[in-house]
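Participant: Construct the complete structure from the given sequences, taking the supplied hints into account.
So the protein sequences, as listed, match chains Z and C. Under this note's numbering, the final residue of the first sequence carries the number 106; numbering is consecutive throughout. Under this note's numbering, the final residue of the second sequence carries the number 119; numbering is consecutive throughout.
These are computed hints drawn from the structure, not numbers from a lab. Please note: incorrect hints may appear among the correct ones.
DMTMM-like, lysine to aspartate or glutamate: derived pairs with alpha carbons at most 20 Å apart [unchecked claim]:
#1 K71(Z) / E96(C)
#2 K54(C) / E28(C)
#3 K71(Z) / E24(Z)
#4 K81(C) / D46(C)
#5 K110(C) / E96(C)
#6 K61(Z) / E96(C)
#7 K44(Z) / E65(C)
#8 K61(Z) / D46(C)
#9 K110(C) / E39(C)
#10 K61(Z) / E28(C)
#11 K61(Z) / E39(C)
#12 K71(Z) / E25(Z)
#13 K30(Z) / E40(Z)
#14 K61(Z) / E103(C)
#15 K54(C) / E31(C)
#16 K11(Z) / E55(Z)
#17 K84(C) / E52(C)
#18 K81(C) / E65(C)
#19 K30(Z) / E65(Z)
#20 K110(C) / D90(C)
#21 K110(C) / D32(C)
#22 K61(Z) / E24(Z)
#23 K71(Z) / E103(C)
Being a predicted model, the structure only gives us computed values, none of them experimental.
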Amino acid sequence: MTKFSPVTSDILQQLEEIVGSKGLSTLSQDLEKYSKDESLEPPHAPEVIVHPKTTSEISAIMKLASTYNISVTPQGSRTGLSGGAHPIYGGIVLSLNS
Amino acid sequence: MTRILEIDEDNLMAIVEPGVLIMDLHKATEEKGLLYPPDPGQESGSLGGNISTNAGGVKGMKYGVTRDFVQGLEVVLSSGEVLNLGGKHVRTQPGTS
Numbered sequence: 009m010t011k012f013s014p015v016t017s018d019i020l021q022q023l024e025e026i027v028g029s030k031g032l033s034t035l036s037q038d039l040e041k042y043s044k045d046e047s048l049e050p051p052h053a054p055e056v057i058v059h060p061k062t063t064s065e066i067s068a069i070m071k072l073a074s075t076y077n078i079s080v081t082p083q084g085s086r087t088g089l090s091g092g093a094h095p096i097y098g099g100i101v102l103s104l105n106s
Numbered sequence: 023m024t025r026i027l028e029i030d031e032d033n034l035m036a037i038v039e040p041g042v043l044i045m046d047l048h049k050a051t052e053e054k055g056l057l058y059p060p061d062p063g064q065e066s067g068s069l070g071g072n073i074s075t076n077a078g079g080v081k082g083m084k085y086g087v088t089r090d091f092v093q094g095l096e097v098v099l100s101s102g103e104v105l106n107l108g109g110k111h112v113r114t115q116p117g118t119s
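Facilitator: What follows is the structure, given as structure tokens:
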């Protein structure tokens, strides 16, 4: 199994520089909300949720994540029935729904 | 990431962001007398997820699946590189069917 690095406060700060303070969340109720889709799989909580607004923001997030080896799970409206949107390795949830 | 950027009635193409909901695209196209046929049953699903899973659904039996209606994509790779694949016109779409 691939080992991913955890999201540290330094990385949170760099993410905040990319998407702004309103574009990211680490609140426990959000982590719970974004931990599952409509499948019957047990939930997997992410470490941070980011809401990018443009393609260049997404590109910067992916560059950061690949540099530090952090897992990224893209999510839309989480209506999938087979667990495809579950962030099973934690890490960053890339929410394209806002 | 939830905007319909353009509905091009001459080329019969729409440019959308990945967070656009299927029901919103259906509503916007039907207002113009056009049809986006893929309807995987989850009207609250978003276009990005439909494309990533090549969603089919009941109407896929008659009209085809999501892949048949995608002419181009702007894609971000895991390295952060941005690719522009295909476009509005049929002859500009290597890699998409």
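Participant: Quick one: which hint numbers does this structure break? Sort them smallest to largest.
Facilitator: Of the numbered hints given earlier, the structure breaks none, since each of them holds.
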